[in-house]
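Trainee: Sequence:
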Amino acid sequence: MARAKKAAAKKTAARKPAAKKATAAKAPALPKSVTNAESKVKLQQKAVDQAQKKAEQTQTKLDKHRAKIDTENGKLSKMRADLAAKRDKAKASSTAAAKRAVDTARGRMNTARLKLQDLRGEAKLIRAEIQASKKVVTREVKKLRTAERNLKTKLREHERKLAKKAKAEQKKAEQKAKAAAKKAAAKAKRAVKKKTTTRKKAATRKAPAKKAATRKAPAKKTAAKRKPAAKKAAARKTPARKKAASKRPAAKKSS
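Every number in this note's numbering is 5 more than the matching position in the sequence shown, counting from 1.
It is possible that part of the hints are untrue.
Derived lysine to aspartate or glutamate pairs resembling DMTMM-like cross-links, with alpha carbons at most 20 Å apart [said to hold, decoys possible]:
| no. | residue 1 | residue 2 |
| --- | --- | --- |
| 1 | Lys159 | Asp68 |
| 2 | Lys51 | Glu162 |
| 3 | Lys172 | Glu162 |
| 4 | Lys59 | Glu145 |
Note that these hints are calculated values from the structure, not bench results.
Take the sequences, apply the hints, and build the full model.
Mentor: Shown next, in the form of structure tokens:
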């Protein structure tokens, strides 16, 4: 059981780096229009390479053919010289053998001339092939240039879209940051307000104790207030006393 658990743990550990690698390898995928344009450029480049290769092959073919023509031309010039010599010999001797030799030399020369003519005709055809292959090359190169231009425009469009997206994301991030800053400022303001309110509350809690202390002091004031009241009462009683005093001597007189 423990072994099975260990094996399972190892497997999961082996899978994790692979997953990480897969995530790291992933790059922002290009749009289909760009990938299609890229594939078109590649195909067109292949077509251009093939056309150029064909043109080169036809050029080598022409070079070989020219070499053949040169050799055949050399042979023909030799045959002409040989025929001229045999004619001179036949004129001098005027024998049947000399005449036959002249005829055979003439026949060989004619065949060589015909062969040379054929070779020259083939050379003309090869030159026409070269011209056609050159035209094909120019046409394919033109197509390649248009494909490259198309790819450039597609890439530019893609870059523009990416830039627009990045700008929008940046704007969003800035707005988010502003909102967060605003929120933080409001939070700080609330915290400051809370602190001030708590201080005020603490101050108000301390104030009743002071008030209680101050409340005790008015007792003295009341005592002080009472004294003048007593004085007032004494002052109020004086007229009665005066009357009593005035009455007392009268009583004395009657006696």
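Trainee: Could you work out which of the previously given hints the structure breaks and list their numbers from low to high?
Mentor: Of the numbered hints given earlier, those the structure breaks are 1, 2, listed in rising order.
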